[in-house]
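A.B. asks: Residue-level listing of the chains:
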Amino acid sequence: MTSIIDVPAAVQTAEQPPAPRRRRARTWPLVLLLLGPSAVLIVLFIVLPAVYGIWLSLTNTQLTGFAARNPKFVGFDNYAYLLGSTDFLGSLGQTGTFLFWSAIVGQTVLGMVAAILLSRPWIRGKGFFGAALLMPMVVPEVVASLTWASVLATSPEGTLNRLTAVFGSEPTAWLQTAPMLAIILVNIWRGLAFAMIMFQAALEDVPAELIEAARVDGASAVQVFRHVTLPLIRGPVFLYLLLTTISTVGVFGLVYFLTRGGPGGQTRIAAIYIYERALQFSQIGIGSAASIILLVIVVVLGFTYVRLAKVEV
Amino acid sequence: MKRKYVVAAFTATVVTAAGLTGCSAGDATSGDGTDGPVTISILESKQTNIDAISKEIPGFEAAMKEQGKDIKVDLIADVLTDEQVKTKLTQQLIAGQAPDVLDIGENMAIAWSSAGYLEPLDSYLDQWEGWEHYYPAVKEAMTRQDGQVYNLPSGAGVLNLFYRKDVLEQLGVDTTQPKTWDDLISRLEKVKAATGGTPIVIPAGTAWGGGTWGEGFQPLLGGTDTGYYDSETATWDLDTPGWLAVFELYAELVQKGLMPVQDLQNPNPWEPTKYVKFPAGDIQVSAQGTWGWKFDWGPDGATPIDGLTEKVSTWQWPGLRDGDQPYGWSSTGGGYAISADSDKKAAAFEFIKYLSSGKPLAEQLVASGAASARDDLDDVAPYSGEPQLLQAGEDLSNSVFVVTGDGADQISQAVATATELILSGQADGKQAYEAFKKDATDLLGPSLVKQ
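Sequence order for the protein chains is S and R.
Be aware that the first sequence starts at 1, since it is given in the numbering used here, and climbs by one per residue.
Be aware that the second sequence starts at 1, since it is given in the numbering used here, and climbs by one per residue.
Just chain S, same shape as in the assembly:
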């Protein structure tokens, strides 16, 4: 099926005839004045630290010990070390698992299901369900982590253990027996609301006539979703995937508070590995190199999403 999407309004606006040169010349000081401060702050607090991070990754800088006194340029040694380190590669693998199941499968699929359900006219109590799903998003990360630490606590007083005790189960150390599953579920819980909001907004833009026409042609609900709705909301879906990939790869607090990367490194995702190397082991050079590698991976994923978002259906 070929896409029959109308040209979006934003594109139409972009194609308006350009403003006269004289008018543009008159407005550029205003533009500079408005954007200048933000640009300065972005350069100061984002670009320069990032460039410094790249420089650090090429040195053997340490934060403590004699090595801290005289850091040296080591070229790509840190990168070579990391790419040959089973610990680092393992942490990338765990990041991939965490990302795939919690963000790509969990948040995106469940967020879509929630958005579709809440857009149905026959659903009652939309406000209640919407608010319930939104709540995890407004809770600060630390509070969310501590709440889940209490829910998953090893002791018989842990909320989940109280629930399972009703069925006669012995208390379980959830964060030890299934640590990766635990942090995946918590991350799904936390990110679901954002996915739902984005998909709900996208679904509202789908012309009802198209759905109606497909139905009249005898398409089932699944076929309508697969061949009509999904292609029309492809842009927001890939935008969400891009955003959730960036935010999930950067998740630190949630995992640190719940498991600190343990037990036995089973939840040592890349963010935890970088924290350990850079701040706990004081090897800021290696930590910076690990951050740059992670950045490159996220950028590659980002370009992939952007490319996929443009594919003709």
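Think of the hints as simulated: they come from the structure by calculation, not from any bench.
Glycine is no exception: its CB is placed at the ideal position from the N, C-alpha and C atoms.
Hints may contain errors.
[Said to hold, decoys possible] Simulated coverage check for chain R against chain S, where a stretch passes if three residues somewhere in it have a Cβ under 8 Å from a Cβ of chain S:
1. 105-116
2. 159-168
3. 194-208
4. 259-269
5. 305-312
Once you have looked at the hints, place chain R on chain S.
C.D. replies: Relative to chain S, chain R alone:
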């Protein structure tokens, strides 16, 4: 259009001002020496120390006033774990924003002094008569690789095995000093058979942070093999046999179900073990320093045990390998230090001197449960009324201690990671030792590993 420009200018001003406000760091009070008005800062991260230091500040300020010096102290009270303190202060020291006076542990003292973040105190100590009263062993422990002293001990302690005398007697388990670990393990197995619990806790794993090395592994290692650090070459000997023996001990304790492995893998593992199960009598033996008498289980401690001195007693660490004798492990490496970037060093040392002398020191020792590192404090109240602390002070003289240097922090991390493998069942003693060696070699780099 004009209105647009006004709005734009206002927005730009607000954004710029907000950005620059974050960059500013103001400290109106400055000045070195001790003559002019000076405000020095000190960070304390444990509630007991916060309470103890805040009590001493008015006395110090008054004493300085009597000497014609106008010195004020700003106590930064920030309750944090040791790992958090280390991370936070390391950043502050690098940025030159650390408090003037730091109250730090041994590993921090080693790591920061070698990085040049701490001020050498030798020139101050040479002019202070109080320094002569410190025990020679303490002075030796304080002296870093470059021959200088960077921190003054706020107290000293002896690490031993604390045990629940009342519970063991009830269970009919021998409470005399165990000579060897085999002897102790057979007693622990009896306790386990009777209670079904996990009778002993020794810091292990990554969640315990630096305590795994400082309060568990190092006392075990140092008691059986002091050759793990070579002071002459300032290198770590990772092949010395003590390492494997200790990893195998940990593995044996875990494999026999004697250690609370799940609790040890939780964040803040000292809470379910030392603060819940030991006070309840559910864990009967715990590796613990002198501060257990006050800081952990004393009347004002984290979890008070009623009738503490009747219910709890101590054993020395049993011998691990053939020929080893029971021993105590001294803990003397931390204390007060001055940031190298402080511009109020003389005033800061005045404060350290005050805290390290007479009644102020006696009060702090009692509050934190530490023994005196000085020979002239036994008669000073309230320290003089604390038999356990006085005994610990006496025990210091025949306790074991190994002075180490640069790399202690990395060794601590590698030990934590390797013991975590044992706790999670991923490695036996030998495998954990191999993992440790690989990790430690990576972290230390070739210059700090004995070839």
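A.B. asks: Given as covered by chain S, does the region 259-269 of chain R meet the bar of three residues or more with CB within less than 8 Å?
C.D. replies: holds (count 5)
A.B. asks: Would you check chain S against the region 159-168 of chain R, counting CB to CB pairs closer than 8 Å, and say if three or more residues qualify?
C.D. replies: violated (count 0)
A.B. asks: In terms of beta carbon proximity below 8 Å, does the region 105-116 of chain R have 3 or more residues touching chain S?
C.D. replies: holds (count 5)
A.B. asks: Per the coverage rule (Cβ-Cβ under 8 Å, at least three residues), is the region 194-208 of chain R covered by chain S?
C.D. replies: That given contact holds, which follows from 3 residues of the region 194-208 of chain R lying within Cβ reach (below 8 Å) of chain S.
A.B. asks: In terms of beta carbon proximity below 8 Å, does the region 305-312 of chain R have 3 or more residues touching chain S?
C.D. replies: Contact hint for the region 305-312 of chain R vs chain S: violated, 0 residues under 8 Å.
When held up to the earlier numbered hints, the structure conflicts with 2, 5 and fits the remainder.
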